[in-house]
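Protein chains: 6
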Amino acid sequence: MTPSTSGSPSAARADGRAPDQLRPISITRGWSKQAEGSALIEFGNTRVLCTASFTEGVPRWLKGEGRGWVTAEYAMLPRATNTRSDRESVKGRIGGRTHEISRLIGRSLRSIIDTRALGENTIVLDCDVLQADGGTRTAAITGAFVALAEAVRWAKEQGLVELGAEPLVDTVSAVSVGIIDGVPMLDLPYVEDVRAETDMNVVVTGSGKFVEVQGTAEGAPFDRDELNSLLDLALIGTAQLADIQRETLAEALR
Amino acid sequence: MTPSTSGSPSAARADGRAPDQLRPISITRGWSKQAEGSALIEFGNTRVLCTASFTEGVPRWLKGEGRGWVTAEYAMLPRATNTRSDRESVKGRIGGRTHEISRLIGRSLRSIIDTRALGENTIVLDCDVLQADGGTRTAAITGAFVALAEAVRWAKEQGLVELGAEPLVDTVSAVSVGIIDGVPMLDLPYVEDVRAETDMNVVVTGSGKFVEVQGTAEGAPFDRDELNSLLDLALIGTAQLADIQRETLAEALR
Amino acid sequence: MTPSTSGSPSAARADGRAPDQLRPISITRGWSKQAEGSALIEFGNTRVLCTASFTEGVPRWLKGEGRGWVTAEYAMLPRATNTRSDRESVKGRIGGRTHEISRLIGRSLRSIIDTRALGENTIVLDCDVLQADGGTRTAAITGAFVALAEAVRWAKEQGLVELGAEPLVDTVSAVSVGIIDGVPMLDLPYVEDVRAETDMNVVVTGSGKFVEVQGTAEGAPFDRDELNSLLDLALIGTAQLADIQRETLAEALR
Amino acid sequence: MTPSTSGSPSAARADGRAPDQLRPISITRGWSKQAEGSALIEFGNTRVLCTASFTEGVPRWLKGEGRGWVTAEYAMLPRATNTRSDRESVKGRIGGRTHEISRLIGRSLRSIIDTRALGENTIVLDCDVLQADGGTRTAAITGAFVALAEAVRWAKEQGLVELGAEPLVDTVSAVSVGIIDGVPMLDLPYVEDVRAETDMNVVVTGSGKFVEVQGTAEGAPFDRDELNSLLDLALIGTAQLADIQRETLAEALR
Amino acid sequence: MTPSTSGSPSAARADGRAPDQLRPISITRGWSKQAEGSALIEFGNTRVLCTASFTEGVPRWLKGEGRGWVTAEYAMLPRATNTRSDRESVKGRIGGRTHEISRLIGRSLRSIIDTRALGENTIVLDCDVLQADGGTRTAAITGAFVALAEAVRWAKEQGLVELGAEPLVDTVSAVSVGIIDGVPMLDLPYVEDVRAETDMNVVVTGSGKFVEVQGTAEGAPFDRDELNSLLDLALIGTAQLADIQRETLAEALR
Amino acid sequence: MTPSTSGSPSAARADGRAPDQLRPISITRGWSKQAEGSALIEFGNTRVLCTASFTEGVPRWLKGEGRGWVTAEYAMLPRATNTRSDRESVKGRIGGRTHEISRLIGRSLRSIIDTRALGENTIVLDCDVLQADGGTRTAAITGAFVALAEAVRWAKEQGLVELGAEPLVDTVSAVSVGIIDGVPMLDLPYVEDVRAETDMNVVVTGSGKFVEVQGTAEGAPFDRDELNSLLDLALIGTAQLADIQRETLAEALR
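Residue numbers (full-length UniProt numbering), protein chains in the order written: chain D, 1 to 254; chain C, 1 to 254; chain P, 1 to 254; chain F, 1 to 254; chain U, 1 to 254; chain G, 1 to 254.
Keep in mind the hints are simulated off the structure, nothing from the lab.
Hints may contain errors.
Facing chain P, a subset of chain F residues (Cβ under 10 Å, in silico) [stated by the list, open to error]:
id	residue
1	ILE94
2	THR205
3	PHE222
4	LEU235
Note that CB positions come from ideal geometry on N, CA and C, so glycine has one too.
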């Protein structure tokens, strides 16, 4: 990656990273004492608290099917961002963006869950953005996986998941990529995100397969080559995130 | 595409189409007498009424910028589907799916609009699904473009858009693609949609560039090759839709 | 009616109709492929899509009574009218006018239904105004009856209504009447509706009895004679609508 | 009316009234010390508190037209009825019935107001049912008129309405009528209301003209003769109510 | 108390009361014919209608515990105050103040109820302010107790509460106290309330024990001595209110 | 306090504290990089993130008065507690408890603010409970003061508050106290809170004056002596909290 950082002035990033370099990633497992699983995840200044709540039973529409359910809710504290936003609870409605991200997180986690192995149990992931600096949805997915894995481990220890069953069939993480001044870049903070011509969120399993590919032309429509460069970058980033997830889960709990 | 339809029994589609074949497409321009632009679009049994409402002025946050605004709202009649759903107006809230699709349609149309050329005017696209049989969001985008183009033409005739300005920089259409029993297929009706392992909605300009690529692993995560086959199909379908849009707009209004 | 059209210039209607003449009426039965019954009804430029959804079972408060339930919901697409209105789903509340009309349609249909013969089944009528040009509620009632009759026929064919039972005890239709410049007129389009001193909606059975009489002095209070003239006109109009309904239902389905 | 009370046992009313007799009516003017006008009205056990709030200025859509505005809101205390209902404020939505009655009261009062004479001022009538025993909407209209008249008198005294202008062009009152066991009856309490085959609310000016006629076939559709008998009764009742209103307003305030 | 009224000019109250004197208190028991218990209570011009609705059974979360439930809802008519407020039902949400007072009334009443003696029954107290002039929440608590006691008596007569069980273990009443120009005063009307430096609502049982003490420094923080003077006054006032409650309940019902 | 900790076994606390001892208190100033002021405060396992958002200008009703405005919003993450609660944004309404605590925090902070010195500026305090173990409202008030003080300091540095003006006239902190098994105790964690017969939240300025005293008999009404013991304890606790606040604010920011 040396060429892109030296030869091209347009590739210079405000935080000095190479185009294919993640921000400093930190995952604090078990940050909350109340939840069955939890993780405080940081992608640079983006900080998301993910908790996993395990309950026996499933929603009514799924009863008696012998399968479990995993869902997610995403939200942002009013002053997570640079200027304060009104609370959605005060406005009395959830905005479209919040809905959309909650649904994305839920789908992403369900892609690596064997709901039969989970049994008739429900896990709700709450992803609350405490501080926002771009990439909150991808940080949320990556952190939520850790909280989910902890909750599954807890459920096994409690005997709430059948002996020998393994609800987690893979890991999953996500990263944002985008094209800025014509250069594809990995893991965009807010200042880059607003300048990106094309913005893509990619959710990838530990085994390198795609779960979600969501690319949007914010500025100008993009061609097949640009799409391919972005996917390449996303695979580099999610492979590293998968490693960090595995290390975090391997460490003994406090 | 001959091999896949003849050699592989799994590729047989209930409606007899080849995997790379669109459903019968029909666009009735000017279906509504009230709106500045309108189109009733049909993708097989999917039927969406798109109207474009032109108003002078822009939302407060855009005032004085010399630019216009294009936005969209998507909704479904309660009995558009096989079983009746409660009205969102009765429930008092708009669901996540509705929000998500409204936002997608808005972004798609803005990608081919030169908001400076539009001047400080607003166009709202309403896409109401009268009958649903899969692909309602892609039909909505494709039909909304026709309604939008009609409203722009109307505004020019009325002198509400500056002489010589051309707000439309390209056309835009959308199609769904998916993998069913391992075979990539174009334009999925409901019965195929529910069986698809991977489902992708692709929004493409008349010049063949991507505006949105939204791929979701409904069943199993997908690999790079599968992604590429789906994008190939989507480009075939949207090229045909662009032709139909152009023909529709060329015809004199009744 | 000859005198009033020839001798009195005030009786001249913009669309050339005689004071006691309906607008062109069109009913397309089975317009929707999804619903158990449906009709697209047109009173001139007013266009309402009526669907009937049949479900087994009744609301909780009616369980075990051996009787069925018929109810209705009325709504208007945002650009059905000359200027766009905000969606009630977006506002998060249903307006008073919408509620009032939904209740009127429900009551009107229940007046000609034998709920015992229907058995413990529910039929919901959705009346969505696609294009509005006055008289939307009366068109909705008239079209909803056709959709209801279709759904009842379907239920009989499916064996969901007891053999020999006849839930429909009569037909029902509705029309608006009003006094404009002192002249009573039948079936008011929007331009006449806003000018009417008195406006009345009358719902009448096929056998010529009143189900609802709702007269409102928009401009000046009205006397007994005016009331009587309006009722006379309403009976002329609803008798013709009843004939059209019967013909529509007699035709074989496409 | 002698024949119907003596000869026909079905005409016997639980409270001993003749078919054409009102319940005891009581209007306490100035019941509230806070409002510009107020009246506590009783139709038998039905008890409605009506207050009129006068404010300078009109809603935005009416500004600069030189005309005033009169509107009304109707509501019921949760335990006004025999069993407690949930509060609409707690449910977060206003029911269809509430909306419908609020609109009816507003229209009725506007029919006897000269909005030009009122000037650019607004009067809001609040009609809160403290105890309900049938006929709450008609009691509300009748009491609201008294509160309105008081508020107009207050505004004149304050010089808020132009010298010599007379916003009130007539009085207005309302009564319910219905057919029970084939006998037309005046002013139905709850026990009669639920048994009525046909139920009609009639709003009449002091000069005997109709403002609203709302007849509904609760049980069986009704014919022209029945309609005429009901209108006769309504005119008897509203004439008496108009007298009581005039007497109440003539008395000096306590 | 003579010294404080004669020697200190600052202690002069607009209505001529001594600092430790209640406003005229009036309680009309059984004001509503519909509820199992009711009272119209007046503290000067403050007028609150309290009804008690008795229903068999308890909320789901309490089922099978052998205990009853008592809860309360407080609300204000829109024109109870000097200027009209929007209805909470129209705004679609209940304000913080309303919630807070409803909860306070509920807690106050539960403090003197033996829920086991009540059995699995629910009593809902509705306190609707018809006219507001300060102290509405304390009037509501005091009046609600009377309505509650009536409902309990009714339930005993109906055999809905076990023979020999006594759900009421004490009486409860409430009063406001405040410091105005340095002088502690009892039972503040609106004009005093807005001027108070410190405002306190105190709920006390008939046996003189505290149920709630809610003191707020509206103007300047207060010290221990001021707090003690206020509590002294509150005990004087609530002792008198307890006497009035007992007398009211001793009288035979009309 | 020695007698109660040694002689009385009932005084033994699960966490080994003396009755008059606070839990370990920690305040991390500047925890959020986005807000003008922030503090993460911990009372044992209770953890609240407080941010202060400074904006120029005041709400409309305060414009032109030359005074500023301070307000607060309190909320709890869904899994802050031992079992997950539904989000208020999802329910579409804010609960009574949330409203009540938000109002309490706002009043508490306004008691030590000179709104004239603040000028026409607004500071919104957001107090989000990340983990709850009793005393969340008192921790929120104590932490919010630190965030507020930071925001005021920032505003002075920015020149947004007039030179020489001092908006903060005192410090403010809060603590809960309660009677458990007859023993008054300071700073109750959740396990003690649910067992308390009487529960009191006391808000006190740095100079030892009361801002709010909110005592509630959860179990049995309390007498004057008990009230006095609780106030004594509260003054001990808030004096210590005031010291910690001062130390925190004296430290240089990281």
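Proposed interface contact between F/THR205 and chain P, which counts if any beta carbon pair is under 10 Å: holds (5 Å)
Interface hint for F/LEU235, Cβ within 10 Å of any Cβ on chain P: Because about 9 Å separates F/LEU235 from the closest Cβ in chain P, which is inside the 10 Å limit, the hint holds.
Hinted contact F/ILE94 with chain P - closest CB pair below 10 Å: Since the shortest Cβ distance to chain P is 8 Å, the answer is holds.
F/PHE222 as chain P interface residue, shortest Cβ-Cβ below 10 Å: With Cβ-Cβ at 5 Å, under 10 Å, it holds.
Hint check: no violations occur; every hint is consistent with the structure.
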